[in-house]
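Number of protein chains: 2
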Amino acid sequence: MKLRLALIGFGNVAREFSRLLLSRREWLLKERGLGFKVVAIATRSHGSLMSEEGMNLERALKLREESGTVLEYGPESVDLSTMEIIKGCSADLMVELSTLDISSGRPATDHVRAALEAGMSVVTANKGPVAFAYDELSSLARSRGVHFRFEGTVMDGAPVFSLVERDLPGCEVTGIRGLLNTTTNLVLGEMARGASMEEALAEARRRGVTEEDPSMDIDGWDAAAKIAALANVLMGARTNPRMVDRTGIRGVSTGDALEAAERGMKHKLIASAERFGGFVRTRVRPELVGPDDPFWSVDGTSSAVTLKTDLMGELTMIERNPTLAQTAYAVFSDILLITDALRN
Amino acid sequence: MKLRLALIGFGNVAREFSRLLLSRREWLLKERGLGFKVVAIATRSHGSLMSEEGMNLERALKLREESGTVLEYGPESVDLSTMEIIKGCSADLMVELSTLDISSGRPATDHVRAALEAGMSVVTANKGPVAFAYDELSSLARSRGVHFRFEGTVMDGAPVFSLVERDLPGCEVTGIRGLLNTTTNLVLGEMARGASMEEALAEARRRGVTEEDPSMDIDGWDAAAKIAALANVLMGARTNPRMVDRTGIRGVSTGDALEAAERGMKHKLIASAERFGGFVRTRVRPELVGPDDPFWSVDGTSSAVTLKTDLMGELTMIERNPTLAQTAYAVFSDILLITDALRN
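Residue numbers (the working numbering), protein chains in the order written: chain A, 1 to 344; chain B, 1001 to 1344.
Keep in mind that the hints are not guaranteed to be accurate.
[Unchecked claim] Not everything, but these chain B residues come out facing chain A in the computed CB check (under 10 Å): (1) Ser-1045; (2) His-1046; (3) Glu-1151; (4) Phe-1276; (5) Phe-1279; (6) Gly-1290; (7) Asp-1292; (8) Pro-1294.
[What the hints assert, rightly or not] Distance condition first, Cα-Cα at most 27 Å in a straight line; then the derived BS3-like pairs of lysine-lysine: (9) Lys-30/A to Lys-1308/B; (10) Lys-308/A to Lys-1030/B; (11) Lys-308/A to Lys-1308/B.
[Stated by the list, open to error] The following label-pair restraints were derived from C-beta to C-beta distances: (12) Leu-1342/B to Gly-33/A: 18 to 24 Å; (13) Lys-1030/B to Leu-342/A: 26 to 32 Å; (14) Ser-196/A to Ser-1215/B: 36 to 42 Å; (15) Glu-31/A to Glu-1117/B: 51 to 57 Å; (16) Met-243/A to Gly-1119/B: 50 to 56 Å.
What the hints contain is simulated information worked out from the structure, not anything from laboratory work. C-beta atoms are modelled at their ideal positions from N, C-alpha and C, and glycine is treated no differently.
Chain A extracted, bound-state conformation (with noise of 0.2 Å):
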């Protein structure tokens, strides 16, 4: 089996999985007689490529780290729209990690939405598909006979999705209580030692966990959109960030913090996804957590969520400090899910 492959966006995340996917190659050959060749590239700003033979990753890589694009490469460069790409490529599967704007999700799930509609199937490591049109794309990629797979968008590579989907069958999912967001959990540490919340940011910022915009963290939208995620997924919700109740960090004040601190308790921005009658309410807001808590030990960059199940009861499962090779073996791993489902 060979694979034909689209990146779209060709950021730190797409990099950091085109090294793991190269540093792969052998393996992939010996134990899942697994090929690949890379048919497309396509960035906003830092050229694209497409290539019905397809592109030498390495060279790509190594002109995008050194040029800052991929413009150079050579004739297979192409002055075309990402959309017009995907519908001009001949790729099996689309590996989107394009920049995202959390408030629409676009343009990430115009993108998949068009890569559905072309034939093939999906990896996303963006949570804007899944948190605003999860019900639209899922059936459209049944329609087409193709996958969708998204493990990335909520807990880097912790399998979140892949443990309820593959490893809980006939079991329900009655709610969801998540620790997700990581410069949150970053700044309110950082408060409940002392620090005000510009210097929290400011140490967040130092050590590249906060999104350009901070705002998407601090009010809560990036919580909301991976509840969102979650709850259309694991709970047949239909919902969308912006229908989460949010409340983020900005009414917590270092006096705050460290007066639960002196209590023996934190703060924490929960995520958290509960059915209510007929429909899935979900919310973000700070919360206080004491030792007993088993999100208590999740701090820095750490991450967690607690699934209520009816048959198989309370489970959490924690993601300690990931970083980009989490993610991109997320994506690694739903490309792998996905070869052995086209298979059999």
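Following the hints, put chain B in place on chain A, whose structure we already have.
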């Protein structure tokens, strides 16, 4: 698809599983196109049944619960040994839930071997076969083209084996750390509140969590069997409970536990496995953990495992206060995964 089941053992877990199976009969047919009949029930001292046409499972359950045996069921009642029943029945799948001798893994291992040799798939919640003979039994299953699953053996129903096998393709487990024994966790918790070990054990007995012989728990045998099972399956170790470097909790006094509590620490019986040169070193011993440890909040009858991996970093799974229902679900979900695989 109509599945022919043999139940080996008809104790608490087997009966809980039977109730779950009966409650999901319609769902199985409707959602999975799966019917089932129970063609054998074998027990050591509560009677055994065998019938090509299948038993009325409700009636067998009722009889066992009201009169203690199934001897009076009817002409299906047979005077055969469990091994004779395994070899003589016409099941496609054996559910092995007999009583375990943890120091030898028998007779469960013999039951599993005989069933696999007879061409049946096997699901068990017994640690013994996986802790003592995983390598042999999994090879045997492969060579016969049947399946061997055991999710209920280590963490009740929490899908730790499935997680690695099914959701982390291409990812290697490099280390394991587990809080896997309920009794010692309860006992150490009571001792930290001033109880003697005897008082704490009495409390554990009152809550119905201590195995018949508390030394299996107190001396670390149960934890050793569980870490051996995890290391064998997830790290390719070829170990068994007797090879685990094992220290139980008898060396922890109430004074030690109280002193630890004063310093803001807790004793936990930690099981671990790590690669050490060419082999896997497994160990069980009491350790002190602080509030920043993900195991800190894992009290009462909860359990937890942390997997260290090459590509996915560190993942912790916590199962909160599981009951028999979760072990029954593990058996149920293993059966569904096997029937899915048989269909492909």
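**OP:** With chain A as the partner, please determine if Phe-1279/B meets the hint condition of a C-beta pair closer than 10 Å.
**Re:** Violated - the Cβ of Phe-1279/B stays beyond 10 Å from chain A, reaching only about 23 Å at its closest.
Original post:
Does the alpha-carbon distance linking Lys-308/A and Lys-1308/B stay inside the 27 Å limit?
Top reply: holds, 25 Å
Subject >> Residue hint Phe-1276/B, partner chain A, criterion CB-CB below 10 Å >> reply: Because about 22 Å separates Phe-1276/B from the closest Cβ in chain A, which is outside the 10 Å limit, the hint is violated.
Original post:
Should the hint that Leu-1342/B and Gly-33/A are 18 to 24 Å apart at their CB atoms be regarded as holding?
Top reply: With Cβ atoms ~23 Å apart, the hint holds.
Original post:
Taking 10 Å as the limit, does the beta-carbon of Glu-1151/B come near enough to a beta-carbon in chain A?
Top reply: Given a least distance of 8 Å, the restraint on Glu-1151/B holds.
Original post:
Does His-1046/B meet its interface restraint, that is, does its C-beta lie within less than 10 Å of any C-beta in chain A?
Top reply: violated, 27 Å
Subject >> Distance restraint hint 36 to 42 Å, applied to the beta-carbon atoms of Ser-196/A and Ser-1215/B >> reply: violated, 56 Å
Subject >> Residue hint Pro-1294/B, partner chain A, criterion CB-CB below 10 Å >> reply: holds, 5 Å
Original post:
Is 50 to 56 Å right for how far apart the beta carbons of Met-243/A and Gly-1119/B are?
Top reply: holds, 53 Å
Original post:
Do the alpha carbons of Lys-308/A and Lys-1030/B lie within 27 Å of each other, as the hint requires?
Top reply: holds, 24 Å
**OP:** Verify the interface restraint on Ser-1045/B: the C-beta must sit less than 10 Å from at least one C-beta of chain A.
**Re:** It is violated, given that the least Cβ distance between Ser-1045/B and chain A is near 30 Å, above 10 Å.
**OP:** Mind checking the CB of Gly-1290/B against every CB in chain A and telling me if the closest is under 10 Å?
**Re:** Hint holds; Gly-1290/B Cβ to chain A Cβ min 9 Å, cut 10 Å.
In summary, the structure is inconsistent with hints 1, 2, 4, 5, 14, 15 from the numbered list given earlier, while agreeing with the others.
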